[in-house]
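Q: According to the numbering used here, the sequence shown holds residues 11 to 204 in order.
Check each hint, because a few of them may be wrong.
[As the list claims (entries may be wrong)] If you anchor each label on the Cβ, the simulated ranges turn out as follows: (1) His-196 - Asn-98: 17 to 23 Å; (2) Asp-128 - Gln-20: 49 to 55 Å; (3) Leu-13 - Ser-88: 50 to 56 Å; (4) Asn-98 - Glu-186: 23 to 29 Å; (5) Val-31 - Ser-88: 36 to 42 Å; (6) Glu-145 - Glu-57: 36 to 42 Å; (7) Asp-32 - Lys-89: 32 to 38 Å; (8) Thr-90 - His-196: 18 to 24 Å; (9) Lys-56 - Arg-86: 24 to 30 Å; (10) Lys-89 - Lys-21: 41 to 47 Å.
[What the hints assert, rightly or not] Pairs of lysine to any residue, SDA-like flavour, derived with a Cα cap of 25 Å: (11) Lys-122 - Glu-147; (12) Lys-135 - Glu-145; (13) Lys-191 - Pro-144.
These are computed hints drawn from the structure, not numbers from a lab.
If you're wondering where the values come from, they're calculated on a predicted model, not measured in any experiment.
We put the beta carbon where it would ideally sit given N, CA and C, even for glycine.
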Amino acid sequence: ERLGKLTDLQKEKLDIMSKNVDKLTNLINDMLQIPSIDAKELELRKEKFPAREMIDEVVNDCRELSDDKNQSVSIRVSKTLTVQGDKNLLEKAIKNVIVNAIRYTPNRGEIKISARADGEKVHMKISDTGPGIPEDEIERIFDPFYTGDNKNGGMGLGLSIVKNIVESHGGRVWAESKAGKGSTFHILLPGGKT
11 ERLGKLTDLQ KEKLDIMSKN VDKLTNLIND MLQIPSIDAK ELELRKEKFP AREMIDEVVN
71 DCRELSDDKN QSVSIRVSKT LTVQGDKNLL EKAIKNVIVN AIRYTPNRGE IKISARADGE
131 KVHMKISDTG PGIPEDEIER IFDPFYTGDN KNGGMGLGLS IVKNIVESHG GRVWAESKAG
191 KGSTFHILLP GGKT
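Whole structure, please, built from the sequences with the hints as guidance.
A: In structure tokens:
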């Protein structure tokens, strides 16, 4: 049955409802991942693949979010750099960090993604020009359900999931930040040049 033309107010309310449904969907998906993304029990389907290819795919998935905020996203990763791991899980981890960078970076802000070989490892950096993370919170941001002074509606699950995925690969994740100066997330993974 046809309902007729929507008013501007109805369109606005539908848009708000749609965004809230998206938030709930993301929350439910994150909560469903918690039991399966335990670093000790995670089953990995390891393969060797280009780091640049994975990062390009994730950035393309997030393009609409960054475009909505007129953000600049730059990538500096050699096409010969490879990662060893479960591509789907690593994409999920990288996407969580990039989505956070987009959320916390203001309009017209900048997000820089780089990766380089570091011995037998690949060192990825995701930097943003957001508000930064207070020094007293930096160690807790990877704890499950930790949200700090979160005004973006998250439940504090994303970075905990990132940590579990990265550690299940024998890697490490950490953040550096100064309040008011942005943040840089470091991810160290098995890999190297081909």
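Q: None of the hints should be skipped; say for each whether it holds.
A: These are the hints, each one checked on the structure:
1. Checked against the given bound of 17 to 23 Å, the beta carbons of His-196 and Asn-98, roughly 22 Å apart, stay inside it.
2. Here the CB-CB span from Asp-128 to Gln-20 is close to 54 Å, well matched to the stated 49 to 55 Å.
3. The hinted window of 50 to 56 Å between Leu-13 and Ser-88 holds, with their beta carbons roughly 53 Å apart.
4. Evaluation of the 23 to 29 Å hint for Asn-98 and Glu-186 yields a pass: the beta carbon distance comes to about 28 Å.
5. For the pair Val-31 and Ser-88, the supplied restraint of 36 to 42 Å holds, since their beta-carbon distance comes to about 40 Å.
6. Distance hint check: the CB atoms of Glu-145 and Glu-57 are about 38 Å apart, consistent with the given range 36 to 42 Å.
7. Between Asp-32 and Lys-89 the CB atoms are about 33 Å apart, so this pair conforms to the stated range of 32 to 38 Å.
8. Distance hint check for Thr-90 and His-196: the Cβ-Cβ separation is about 21 Å, which falls inside the suggested range of 18 to 24 Å.
9. Remark: the range hint 24 to 30 Å for Lys-56 to Arg-86 is upheld by a beta-carbon distance near 26 Å.
10. Restraint check, Lys-89 to Lys-21: a C-beta distance of roughly 44 Å satisfies the suggested window 41 to 47 Å.
11. Of the supplied pair hints, the one linking Lys-122 and Glu-147 holds, its CA atoms being roughly 23 Å apart against a limit of 25 Å.
12. For the hint pairing Lys-135 with Glu-145, the CA-to-CA distance comes to about 19 Å; that is within 25 Å, so the pair holds.
13. Restraint check for Lys-191 and Pro-144: the C-alpha separation of about 10 Å stays at or below 25 Å, so the hint holds.
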